[in-house]
Structures are given as structure tokens and as C-alpha cells.
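Number of protein chains: 2
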Amino acid sequence: MIYTVTLNPSIDFIVRLSQLQLGSVNRMASDDKYVGGKGINVSRILKRLGQANTATGFLGGFTGKFVEDGLAAEKVTTAFVKVDQDTRINVKIKSQQETEINGQGPVITDEQLSQLEQVLSKLTSADIVVFAGSAPTNLGNQVYKRLIPFVRETKAQVVCDFEGQTLLDALHYQPLLVKPNNHELEAIFNVQLHNIADIEKYGRKLLSKGAQHAIISMAGAGAVLVTPEAAYFAKPIAGQVKNSVGAGDSMVAGFTGEFAKTADPVEALKWGVACGTATAFSDDLASFDFIKETYKKVEVEKL
Amino acid sequence: MIYTVTLNPSIDFIVRLSQLQLGSVNRMASDDKYVGGKGINVSRILKRLGQANTATGFLGGFTGKFVEDGLAAEKVTTAFVKVDQDTRINVKIKSQQETEINGQGPVITDEQLSQLEQVLSKLTSADIVVFAGSAPTNLGNQVYKRLIPFVRETKAQVVCDFEGQTLLDALHYQPLLVKPNNHELEAIFNVQLHNIADIEKYGRKLLSKGAQHAIISMAGAGAVLVTPEAAYFAKPIAGQVKNSVGAGDSMVAGFTGEFAKTADPVEALKWGVACGTATAFSDDLASFDFIKETYKKVEVEKL
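Chains as they are written, first to last, in the numbering used here: chain A, 659 to 961; chain B, 659 to 961.
Hints in this document: simulated from the structure, not taken from any laboratory.
The reader is advised that the hints may include incorrect statements.
Which copy? The list can't say, so a pair holds if one copy fits it or any two copies do.
The list that follows gives simulated cross-link-like pairs (lysine to any residue, SDA-like), each with its CA atoms no further than 25 Å apart [claimed, not checked]:
1. K955 / A879
2. K900 / E842
3. K950 / A710
4. K750 / L675
5. K752 / D690
6. K740 / S688
7. K803 / R685
8. K691 / T767
Please model the entire structure based on the sequences and the hints provided.
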């Protein structure tokens with residue numbers, strides 16, 4: 659079974675107006691509310707791929723209920739720990755510019771953190787846990803230094819989709835997959851990456867520090883997979899980017915779902931690229947049909 | 659019985675951050691969610707005054723449920739018509755400046771509008787209906803030209819807390835009370851008001867156009883009540899303004915609640931001033947104890 663952990667889910671509240679006037683009363687032209695959270699996105703894509711999985715983490719209040727109802731509508735299995743304060747609302751203002759105002763998220767008690775560990779305590783080596791996204795402010799990302807080893811003690815695999823120091827810290831626990839983009843990889847090693855050879859070289863450094871597989875995504879320039887045995891380049895697929903939100907999460911879902919079934923990293927890369935690309939070319943997370951169609955266009959070459 | 663009608667309630671989502679950077683990802687320092695809506699504020703204050711009343715209008719979705727749960731927690735009686743789309747969320751950003759981004763509100767169908775009329779159809783001359791605030795965008799404020807005469811045909815009284823043309827239109831139906839502030843009164847008659855005598859003069863114009871009573875509030879400069887027989891000045895009360903949101907609604911509640919009991923406009927003015935002032939000096943709507951305390955400081959003189 660695959661589990662996804664989202665410690666700080668959200669309602670993404672999209673607010674559109676032609677011009678935002680600071681210091682004034684403005685009126686929305688339109689708005690939408692979406693279920694948000696990186697691990698939750700992974701669960702939704704896995705579900706569309708027909709892959710059984712359970713989404714867990716923390717949810718609270720009437721906003722948490724919105725998230726849970728949204729997942730139930732898509733028949734995603736959930737095992738969230740209930741918290742007292744409301745799940746956050748992230749405001750995304752689409753006006754002359756795009757401006758985000760993200761919430762801190764609820765305060766999580768020790769008791770609630772233990773309840774999450776309870777959910778994760780029955781894992782075996784047949785399970786994979788996807789950790790993705792940042793933690794609520796009161797926990798801080800250091801909580802992953804508690805949760806990841808906790809999961810690894812059960813012999814389950816972990817996938818760690820983080821940035822910066824949190825990602826570096828995670829390498830210590832031999833994640834099945836990490837997936838920085840090229841800019842995040844540059845930041846981690848404080849270097850400039852000029853070509854695919856550079857990407858492969860620093861991707862391999864992630865493996866030397868513990869990762870079992872690393873995908874380095876490069877937006878419109880394709881992606882590189884580094885495995886212990888080899889490295890692979892997935893060519894970019896032409897198309898119109900509609901929405902980059904959730905594309906990385908979709909890639910994680912595609913890779914993890916396929917790897918769980920076949921343990922074939924190259925085939926897993928192909929599905930990762932198909933899911934990530936299809937979502938980038940969709941208004942919301944990609945449909946299964948569109949992912950299948952995109953999969954046919956994926957070309958991978960060994961480096 | 660007093661009814662309050664709020665056609666477009668809201669969640670007021672207060673978002674605080676030290677600096678809002680347009681075009682970037684910002685993080686909230688803190689946030690709060692409040693039940694919003696002018697008629698709803700009137701109901702909440704009436705309830706605190708011990709005055710039986712029913713709040714009606716339109717509510718929808720999980721945001722509507724937040725509003726209904728909030729009113730239930732204060733034991734306010736409600737009879738809202740359920741609509742399909744979500745009750746709006748108004749975002750109030752408190753940063754270097756205060757910036758509001760208000761939602762349009764749900765689409766109201768003819769069927770739902772008829773259901774609201776159903777709620778209002780059993781009124782008698784013993785009832786008062788408070789109409790306050792603007793309508794959802796798809797209805798437009800012209801809907802009041804249908805709802806107010808509908809209520810007046812039952813012989814119930816109406817209180818109309820609107821601005822501009824909507825207020826002018828309402829005068830046609832002999833409202834028990836209208837309550838523009840001095841700036842709104844200036845805008846309505848396209849004049850500049852220099853002193854209390856001017857205020858009284860143009861307040862009396864509201865009566866000549868149909869209003870039974872008019873209160874003209876002047877923020878920190880007191881308020882004027884114009885009745886068919888006389889005019890009265892309520893002196894300003896010294897204190898620290900914490901929150902002007904809901905102060906006008908509190909004034910409407912104080913006047914209407916007292917007038918319903920005693921039909922004494924001067925006593926009603928005193929309670930209106932007490933409620934409005936107490937709310938302005940509170941973080942949220944004023945408590946009954948603070949209203950009582952403030953009432954003792956109200957001084958009214960006949961003009």
C-alpha cells in the first residue's frame with residue numbers, strides 16, 4: 659500500500675480580479691476553491707491511475723471538512739488525524755500579478771503527532787510512504803526527522819518531496835525517490851548547472867548521500883533520472899502549460915505508483931513524466947485518459 | 659417579531675501580515691474568520707439585548723454552514739433559504755494598508771427568491787423586517803424593489819439600511835428607520851453638510867420622501883435623529899475606536915429593538931447610540947454588559 663502524508667493541507671482559494679487596488683475595497687470577478695496539499699495531490703493522481711493508496715496527515719475544522727469531502731468525492735481513501743484548529747486557507751490572488759498569501763496552518767499537539775505515528779505504525783516492507791510539502795509552523799520541518807525514521811523502522815520505503823535543507827536531511831534515510839527541480843538542485847549544492855551532464859553529476863551526489871533514485875525535473879526542458887546503475891533523460895513533450903501547480907506532485911505519483919507495481923525505475927520515470935506533463939497541460943490535476951495519451955509521447959534515452 | 663434579511667452573508671477572512679509583496683508568495687502572520695453580514699450583525703446584537711428575532715436570507719455550501727453554526731453558537735434563531743453555491747468569503751488583508759477583496763456571492767434562483775418570500779409571507783403589523791446590505795451580484799439591489807413592497811403588503815414595518823440609490827428607492831415604502839451617515843446623506847442629495855442644522859434639514863428630506871425616522875450618524879461627532887415631530891442630537895461619547903465594522907448595524911439593532919418594545923423614538927435613539935458606540939469600542943460586536951454601561955453615558959438633546 660502507498661500512503662501519502664500531508665502535514666499542512668489547505669483550501670486553495672483562487673481569487674480573480676482585473677486590478678487589485680491596495681488600501682481599497684476590491685470586488686472579485688470570480689473565485690474558486692480547491693483541495694490543496696502536495697501529498698493529497700499525489701493521492702488523487704494515484705487514485706486516477708487505479709493505485710490503491712491512503713492519504714493521511716492533519717485536518718481540522720470546517721475547512722478540513724471541505725478537504726475531506728473533496729477527497730471523498732474522488733473516492734480517495736483517507737486516514738487523517740483530526741485537529742482542533744481549522745485547516746488553512748491559502749489565498750491566491752490572480753490580478754495584474756499573481757500574489758499568494760499562505761496560511762500557517764493549525765497548531766499540532768504532541769498527542770496528535772502520536773496519533774499520526776499510530777496510523778503509520780502498522781507498515782511493512784511492502785509499503786511506501788510519500789512525504790511531501792512543508793509542516794505547519796508550530797511543528798516546523800524538523801518534525802520529518804522524527805517521522806521519516808519512524809516509518810523506516812517499519813521497513814517501509816519513503817519518498818521525500820521536499821526542498822532545501824529538509825530534502826538534504828531526508829537523504830539520510832535512503833528515500834526511494836527524491837525529486838528536486840534543477841534550480842533546487844543548484845541551491846542544495848550551491849552550484850550552477852549548465853547541461854545534462856552537470857544535472858546527472860549532482861543528481862548522483864543525491865544518491866551518494868543516500869537517495870535510491872533521484873529525478874531532476876527541468877520544467878519545459880525534460881527530466882533526468884539517476885539510478886545506482888545508470889541515468890536517463892526524458893525528453894520534453896510539446897504543449898501548452900496551463901497550470902504548473904501539482905505537476906511535480908503528479909510526477910511523484912506516476913513514478914511511485916509504477917515503481918510499487920513493477921520496481922522498474924525507467925518505466926516509473928515514464929509514468930512520472932506522463933503524469934507531470936499531463937497535469938501541467940490541464941487546468942486541474944490531469945485525468946487518467948489524458949495521462950495515458952501523454953504516456954505515448956514519452957521518450958526516454960539512456961545517458 | 660423582528661426579522662433581519664441578509665441576502666449576501668459572508669465569512670470575513672481576516673489575514674494579517676507585516677508586509678504584502680505583490681507578485682510573490684507571502685505568509686500570513688495570523689488569520690481569523692468571522693461571521694459577516696449586516697442583517698446578521700443586527701440579529702446578533704438584538705439577541706444580546708434579549709430581543710427575540712429571526713435571521714433570514716440566503717446561505718450555501720460549507721461556508722454557509724460556518725455562518726449558520728456561528729449563529730447557532732450564539733443561539734440566534736435562523737430561517738435561511740439554502741442555495742447551491744457557497745456563501746462568499748470576503749478577504750480582509752491587514753498589512754501596511756487595509757485591503758479588502760469581497761466576493762460576489764452565490765447565484766440565487768427565482769425558486770430560491772420565492773422561498774425567501776415564503777419565509778416573509780406570514781408577517782403581520784406586529785412585525786418589523788430589517789433589510790441591510792447589498793444583494794448578491796446576480797440579483798442586484800433592484801431585488802429590494804420586489805422584497806420590500808412584498809413585506810409591506812403584510813402590514814409589517816421595514817427598516818432599510820442601505821446606501822445611495824438603494825436607500826432612496828426604499829424611502830418609497832415608508833421605512834420605520836433609515837440610517838445613512840453624514841457622508842452618505844451628502845452623496846444622496848449632492849450637497850455639502852456643514853453643521854447639525856444642515857444635517858437636520860436633509861434628514862428631514864428623507865422623511866418628506868417617505869421615511870418615518872432617520873438617524874444620521876457622524877462617526878466621532880455624534881448622531882442626529884429626525885422624527886415627524888422633532889429632531890434630536892446624541893452627543894459623541896469619548897473612547898477608543900477599535901473596530902468600526904458592525905457599529906452601524908449595532909445602531910440599527912439598538913433602535914429597532916427598543917422601538918419594537920416602546921415605540922419611543924428618543925429612547926430607541928439612545929439604545930441605538932449605546933449599541934453602535936459600544937461596538938465601535940469593542941474588538942467584535944459589543945457585549946450586553948458593555949452596551950448597558952455605554953447607555954448610561956448617552957446624552958440626547960432636542961434640537
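Evaluated hints:
Taking CA atoms no more than 25 Å apart as the test, K955 paired with A879 passes inside one copy only; the shortest distance there is 15 Å, against 72 Å between copies. For the identical chains of this complex, K900 and E842 are intra-copy neighbours only, at 22 Å inside a copy versus 45 Å across copies, given an alpha-carbon limit of 25 Å. For a Cα distance limit of 25 Å, the shortest separation of K950 from A710 inside one copy, 18 Å, qualifies, whereas the shortest one across copies, 61 Å, does not. When the C-alpha separation of K750 and L675 is checked against a cutoff of 25 Å, the pair qualifies both within a copy, at 11 Å, and between copies, at 15 Å.
For the identical chains of this complex, K752 and D690 are neighbours both inside a copy (11 Å) and across copies (22 Å), given an alpha-carbon limit of 25 Å. In the homo-oligomer, the alpha carbons of K740 and S688 lie at most 25 Å apart only across protomers (21 Å), although the nearest pairing inside one protomer, at 31 Å, exceeds that limit. Taking the shortest alpha-carbon separations for K803 and R685, only the inter-copy value of 24 Å comes in at or below 25 Å, while the best intra-copy value is 44 Å. Proximity of K691 and T767 under a CA criterion of 25 Å is satisfied inter-copy only: 22 Å between copies versus 28 Å inside one chain copy.
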